[in-house]
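Peer 1: Given the sequences, and given the hints that come with them, work out the whole structure.
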Amino acid sequence: MLAEWASAVWLRMKALFRRRQLDRDLEEEIKFHLAMREQKLAESGVPAEEARYAARREFGNATQAKEANREMWTFPFLETLWQDSRYGLRQLRRNPGFTAVAVITLALGIGANTAVFSIVDAILLRPLPYKNADRLTVTWQRLPKDRIGLTFDTYREFEQWQQYSHSFQKLAAATWARDAGAVLSWHGKKREMLAVPVSVDFFSLLGIRAAQGRTFEAEDLKNPCTAVLAHSFWQERLGGTPGWVGKSLILNNTACTVVGIMPKDFSFYPKQTQLWTLITPDSDFAKKAWDMPVGVFGLLKPGVGRAAAQAELNGLESRILTENPSLAAMKLQPNVLDLQWEFTWLTGRNLRSSLVILFAAVIFVLLIACVNVANLLLGRGSARQKELGVRAALGSGRSRLIRQLLTEGLILWLGGAVLGAIMAFFCVRYIDVAEATQLPPGNPVSVNWEVLVFTVFLAILTGMLFGLLPAWKISRVNLNEVLKESSGTASRGALSHSAGRAFVVAEMALSLIVLVAAGLLVESLVRLTNAPLGYERDHVLTAQVRLPVSSYPKAADWKRFWDRLGSQLELLPGVEGVAFGPLVTSWGSTQVSIEGTDATSRIGSSSGPDAVSNAYFQILGIPLLRGREFTGEDRQRSMPAAIVNQAFVNKFFPKGNSLGQHIKLGRLDAAKPWLTIVGVVGNVSHPNLFMGYDEGPDVYRPLRQDPQGTLSLFVHTAGSGRSVESSIGRAVTAVDSNLPPPSVQTITQWLSWFAAQPRFRAELFGTFAALALLLAVVGIYGVLSQLVTQRTHEIGIRVALGAQKHDVLRLVVGRGMIVAAIGVAIGIAGAFGLTRFLSNMLYDVKPIDPLTFTVVSLILLGVALLACYIPARRAAKVDPMVALRHE
Amino acid sequence: MAMKHENKSDLIQGTLDMLILKALARGRAHGYAIAESIHQKSEDVLRVEESALYPALHRLELRGLLASEWGASENKRRAKYYRLTARGRKHLEAESAHWNRMTAAIARVMETA
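Chains A and B supply the protein sequences, listed in that same order. No gaps in the numbering here: position 765 of the first sequence is 765 in the numbering used here, and each next residue is one more. No gaps in the numbering here: position 99 of the second sequence is 99 in the numbering used here, and each next residue is one more.
I should point out that these hints are in silico values taken from the structure, not numbers from a laboratory. A couple of the hints might just be wrong.
Unchecked claim - Once the Cα atoms are required to be at most 25 Å apart in a straight line, the calculated DSS-like pairs of lysine-lysine come out as:
1. A:K40 x B:K80
2. B:K41 x B:K22
3. A:K222 x A:K170
4. B:K90 x A:K40
5. A:K559 x A:K288
6. A:K473 x A:K386
7. A:K805 x A:K877
8. A:K66 x A:K331
9. B:K41 x A:K222
10. B:K90 x B:K41
11. A:K66 x B:K80
12. A:K331 x A:K287
13. A:K271 x A:K190
14. A:K40 x B:K41
15. A:K189 x A:K247
16. A:K651 x A:K672
17. B:K80 x A:K386
18. A:K31 x B:K90
19. A:K672 x A:K331
20. A:K190 x A:K247
21. B:K80 x B:K22
Peer 2: Now the structure itself:
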């Protein structure tokens, strides 16, 4: 059966290209037949002339045979489709304005979907481009009750798991925590770069080979330093010249052998990684294994689930942690997570749900576009009643007319798909380049063939759905009415009245929902970037300086460096003050014990301890509420001092005075000094994991008593500080020419990365909401002006009966606005139901924020008013004579 | 359109198809020879509508029951020769068995009536 069908299709396909040949063949066959018959008749004695006619007569209708044949040899369905398409294209070419508007409208709607789908496809649908991607995991530590607070494992745990776990085929460690990063010496200059230390199986676990050279192997463990380069680093920093494999780079003043360069399309978290260095047995990782935070990546054995692996690691932990009681006290538990899931989480906490919601939003945009075009088709259908009437009169059945109209519609939709795909291509290119860090590593976002198939499928689906209604309505031709010239307008009026109103309601409602979503995200972004943080951020420049252990082994060296840097910076023109402290965006937790509060002292978590220089609070504008700031008296050997913030006081000393109280960082029995609280300062907000800010208890320590090798400098400038930026870098290298010049930014700029994901989200939603608004405006205007045109006659009568201009205006605008208001009401109801899906992406804004709802509703109603007013004014100018003659 | 055509003359066509296949059972032949053969074998009872013969031939070819090739005829003219394919032969066997059962049944009904 199938073979028969296939051979028939094959023969027909061949026939498609040999139609002439087939015709000629049949012709020849018939001619031969006639000749034979003629000959036979002639042989039996019939005269030649007579024989020819007799043969013809006997044969019957040759033309019919030929026609039957032609139909048989081809695909009647395709033939009709081809005919309809050609006819449709001719019709569309005849109305270039209509065609352009329809195709562009659809292109905007479909293109938005194509662009978003290509992001969804790359991030959520396609597996990571590594071998055995479905078995790749990452293991983090987290508190049993805490849903979100994931932290790194330690290198020691990794070593033990690697040795004793049976769930994994391979385990590898990689880290970008704390001191990930290295200083590259390049042509006499020092540059800080993102180097990620990894264990030897890292690349083989992912199953990715190097593009040049090789990845790490066991023999590299004997060398002090080996590196694999990222393709982009090789291209951009090393000029992309061949022959780097086997050469050395100077990293942290050590020669590091390059063993390989990764392929161009390879990426891992963090995406900006410039090279990977191998963790060797002589490194700090092995020597201070409990102090080295790493992420542990695993390839599960086939058939082993993540839950089973996690249970096994938890079992191993109870034994491993006996080596480290203080870590054991934190009661962390390893969590084995899917790598792809984790990549999206690391990149943006709500990336997954925002993508799904974004997808829903662009589908709304597409619906608006489709409604617009359906309405355009309806409108044009009324102008084509005559043509369709003639075709019906000539014998086209209704189904034939619908098929023709549907084909025309599909041509528009497919045209929109082509143009939309082109627009999406550029849009995606922009996103992939400009917003690269907002997308997780793995698959690049691209308009690939899967995305194109989706696009075509979407175009055909929506084209069928939205093309059918107009085709259905238009094809209902009343022959008598249409062919009688004069009554054309009457049937036209009945055609799209109710449908047009339904369209306006739908468009208003859909665009209101998209606009409200965008409005909420934008408002949330504005609040996020303007949130009062409790410190000055505009006139303060900041930069992070990391002192390498190799040249600064002792705390005394650090102190000397910070002192010299401080005095260098203070000399710069335009500088009003200098302070040192922790990164403004740092977060962490530590244990705090309070003396004498209870037999078992309360232990709370706090961000810090943050070692700060004496001027810190003054430079950052953090107010001193009680007690004193740190002074020169707080030296290494004087009384251990601490300053806490108001949140700390509220939490630990709700009644009594906090000044003079003693606290300890760590457990009560920890061998650490008791600290005396000497001052209380105002709260500052710390960025949290969910792209918001939290105020929590903080403990500050004087830098002299708690020396640090890595600090941020804070420079209060007189003006904008632009001129000071480069001199700060020079001041650092003036103190130590071996240090790379740090990147200097204002605190606002420094915080901007933190708002990057919300900004990216707000940008995308904002763009699509603007698109929705634009399409809705065009659509509403189109529907209303059509309604007005149809009612010209009625308006003419009203005017003739004495209606004033403003009466007509009120009539038209009033009717339009009632419809618009219904749409807005439905939209508000819909948005009420839907915006709660946004709730965990919003900062300081409720999903049913009355301000956003009101503003968006007013904008839409205002726009609708404008869209009504223009046709209404035209209606008011109707000359009754012209209008009545119009009939 | 083509579909409707087939349905209307289903019986006749089915029979014509069978006759064509039968005529080709002995070997390849061109259209004229097929028509003549049916005519002669049926002792002038069955007269094939010649204009219907060619569409029928082509339909059978499309269904893969016949194959065709161009060759020289007895009088050295170019003619299109048809022959049975393996599938065509099988189809013919099935059809003739069916036909025999049918005619036998009809004959019995006619006798007893």
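Peer 1: All the hints need checking, so say for each whether the structure fits it.
Peer 2: For each hint, the structure was consulted:
Between A:K40 and B:K80, the direct Cα distance comes to roughly 19 Å. Compliance with the 25 Å bound is thereby established for this hinted pair. A C-alpha spacing of about 11 Å is found between B:K41 and B:K22, which places the hinted pair at or below 25 Å, so the restraint holds. Note on A:K222 and A:K170: the hinted pairing holds, with a Cα-Cα distance of about 21 Å set against a maximum of 25 Å. A threshold of 25 Å between alpha carbons decides the hint, and for B:K90 with A:K40 the separation of about 34 Å lies outside it, so the pair is violated.
Between A:K559 and A:K288 the alpha-carbon distance is near 24 Å, which keeps this suggested pair within the 25 Å criterion. Among the hinted pairs, A:K473 with A:K386 is consistent with the structure: their alpha-carbon atoms are about 14 Å apart, no more than 25 Å. Proximity of A:K805 to A:K877 is assessed by CA-CA distance (about 7 Å); at most 25 Å being required, the pair is judged to hold. A C-alpha spacing of about 88 Å is found between A:K66 and A:K331, which places the hinted pair above 25 Å, so the restraint is violated.
For the hint pairing B:K41 with A:K222, the CA-to-CA distance comes to about 97 Å; that exceeds 25 Å, so the pair is violated. This hinted pair checks out: B:K90 and B:K41 have alpha carbons roughly 22 Å apart, not beyond 25 Å. In summary, the hint linking A:K66 to B:K80 is supported, as the alpha carbons are separated by about 16 Å, within the 25 Å threshold. The straight-line distance between the Cα atoms of A:K331 and A:K287 is roughly 24 Å, inside the 25 Å bound, and the hint therefore holds.
With a CA separation close to 22 Å, the supplied pair A:K271 and A:K190 stays within the 25 Å bound. Only pairs whose Cα atoms come within 25 Å are accepted, and A:K40 paired with B:K41 is accepted, the gap being roughly 17 Å. At most 25 Å may separate the alpha-carbon atoms for a hinted pair to count; A:K189 and A:K247 meet this at roughly 18 Å. About 22 Å separates the Cα atoms of A:K651 and A:K672, which keeps this hinted pair within 25 Å; it holds.
Under the criterion of a C-alpha separation no larger than 25 Å, the hint pairing B:K80 with A:K386 is inconsistent with the structure, at around 50 Å. With a C-alpha separation of about 32 Å, the suggested pairing of A:K31 with B:K90 is violated against the 25 Å cut-off. Taking the CA atoms of A:K672 and A:K331, the gap is near 21 Å; set against the 25 Å cutoff, the hint holds. Only pairs whose Cα atoms come within 25 Å are accepted, and A:K190 paired with A:K247 is accepted, the gap being roughly 18 Å.
The straight-line distance between the Cα atoms of B:K80 and B:K22 is roughly 18 Å, inside the 25 Å bound, and the hint therefore holds.
Hint compliance for this structure: hints 4, 8, 9, 17, 18 are not met, and every other hint is.
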